[in-house]
Amino acid sequence: GENVEQHPSTLSVQEGDSAVIKCTYSDSASNYFPWYKQELGKRPQLIIDIRSNVGEKKDQRIAVTLNKTAKHFSLHITETQPEDSAVYFCAASMGYGGATNKLIFGTGTLLAVQP
Amino acid sequence: DVKVTQSSRYLVKRTGEKVFLECVQDMDHENMFWYRQDPGLGLRLIYFSYDVKMKEKGDIPEGYSVSREKKERFSLILESASTNQTSMYLCASYSGTGVRYEKLFFGSGTQLSVL
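Protein chains in written order, with my numbering: chain D, 299 to 413; chain C, 55 to 169.
Mixed in with the good hints, there may be bad ones.
Said to hold, decoys possible - Computed beta-carbon distance windows for the label pairs:
no., chain 1, residue 1, chain 2, residue 2, range
1, D, Glu313, C, Val106, 46 to 56 Å
2, C, Pro115, D, His305, 22 to 32 Å
3, D, Gly353, C, Glu126, 30 to 40 Å
4, D, Glu354, C, Gly70, 50 to 60 Å
5, D, Thr308, C, Ser61, 47 to 57 Å
6, D, Gln343, C, Gln165, 29 to 39 Å
Simulated from the structure, these hints should not be mistaken for laboratory data.
Beta carbons are placed, not taken as given, at the ideal position from N, Cα and C, and that holds for glycine.
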């Protein structure tokens, strides 16, 4: 089955710096790669996603890149702010319908942005 | 607004008890999931369902079962609770029957303690 590895497990940056979180996946049939942000005591929420037909996607200060050959994808946050502090999860899915719709998450990265 | 509701925020049970965790969504979503969240282990998929009465095992189904008799409700059952099932349980749902994977909506979670 699909396995998703995520690194680093913790990341501390200064406000204004960039942060990068990396994930690798095992199943080459995976075609959907979302990123979720979970603030302390709250439920995870989708912040950005990418499908296998594109290599990069940006949304303001957040970007995700995908390398299908190497089976890895990354989250990039620029100009970090204290409110970016949270746990970030990557995930992967084949999503062809039915039983392939399961979404497998990485182990999470705790990002701390120091003011 | 979209809602995924979990019946209990906190639950304390004794070893050997049968435990029911209920999840209801009001968005007419086909796909529903149960994850458990443990520090350092991320979100691990227990079971998911892509249609009424359909269920698929996730990565850690041992000790759990599920029921989906109605589209809006997905129940997680711990047949005989054990201390290693103490965890945060998150329910999630999304719409989509084919390749178009959409974002997951999470419930607020149930923190289960088994004594």
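Hint check results:
{"no.": "1", "hint": "D:Glu313 x C:Val106: 46 to 56 Å", "result": "holds (48 Å)"}
{"no.": "2", "hint": "C:Pro115 x D:His305: 22 to 32 Å", "result": "holds (27 Å)"}
{"no.": "3", "hint": "D:Gly353 x C:Glu126: 30 to 40 Å", "result": "holds (38 Å)"}
{"no.": "4", "hint": "D:Glu354 x C:Gly70: 50 to 60 Å", "result": "holds (52 Å)"}
{"no.": "5", "hint": "D:Thr308 x C:Ser61: 47 to 57 Å", "result": "violated (33 Å)"}
{"no.": "6", "hint": "D:Gln343 x C:Gln165: 29 to 39 Å", "result": "violated (19 Å)"}
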